[in-house]
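As numbered in UniProt numbering, residues 1 to 253 make up the sequence shown, in order.
None of these hints come from the bench; they were simulated from the model.
Beta carbons: idealized from backbone N, C-alpha and C, even for Gly.
None of the hints are false.
Quick list of the computed label-pair ranges, beta carbon to beta carbon:
{"#": "1", "residue 1": "Q117", "residue 2": "K187", "range": "26 to 32 Å"}
{"#": "2", "residue 1": "K224", "residue 2": "G50", "range": "55 to 61 Å"}
{"#": "3", "residue 1": "S234", "residue 2": "S25", "range": "41 to 47 Å"}
{"#": "4", "residue 1": "S118", "residue 2": "K187", "range": "32 to 38 Å"}
{"#": "5", "residue 1": "S122", "residue 2": "N209", "range": "39 to 45 Å"}
{"#": "6", "residue 1": "T47", "residue 2": "E185", "range": "47 to 53 Å"}
{"#": "7", "residue 1": "E146", "residue 2": "G190", "range": "20 to 26 Å"}
{"#": "8", "residue 1": "E208", "residue 2": "I125", "range": "26 to 32 Å"}
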Amino acid sequence: MEEASKIFDVMIKLCKEPDGYTYSSMILGLCSTGKLVEAHRLFESMTDKGLEQDVYSFSLLINGYCKRSRLDEANQLFKKMQNKGLKPNQVTYNTLIDGLCRAGKIRTAESMLIEMQSDGVSPDIFTYNVVVNALCKAGNIEKARELFSEIPSKGLVADVVTYTTMINGMSKEGMFIEAEKLIIEMKNKGCMPNATTYDTIIKGYLLENDVTRALEFLKEMHRKKFSLDDATKSLLNSCLSAEQLKNLEFPES
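Model the full structure from these sequences, guided by the hints.
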């Protein structure tokens, strides 16, 4: 990043004005290293150089602020962007929705999802995964299910992340029948469970002291050559008897 910054400065000194692409690349680099003050200053200087602040450059800076949990600044940029007559795209909305969800501002994120669609911008599966995950983490499983059921009507297909997120949320709420139904559903739709999916349901059963069901899924997991993560493996060790542990074989990580 320092080398790129030097080249940028040399270009200006030689009166070779950087173009919009160069500015955006520099803004991206500064944001990725947490230098938001410098990134914002560079962004504001674009107009002085006769360059347009476009959707892409706005989105880069918005993302930089969201990654650092500075949502007020991100939202101010979003409004400034709209006031300039620029239309936020899918990336812009997804960035803000993700930032809001990470900050626990789920209702605002849901409102942003509605605004996104009202603005004629279609959400993608990432959008839904982010909001569904936030709802599940907050224990609002019914709202998560409602949003999950909406996915096909938007012409989207739930992926392994979507299903695993829902299975995790349901397991935490003790909704194991529903969670297992989702595992069957995803398999039927050709979306195969991954290591995280199995780890999630096994952990859920172990926390409910249902060792028998946990072991059934563990056997299936082993047949797929998947491994438990260390935390779940430790939980499993604490739940099983010495004899049960002796009969277990863990695949290589």
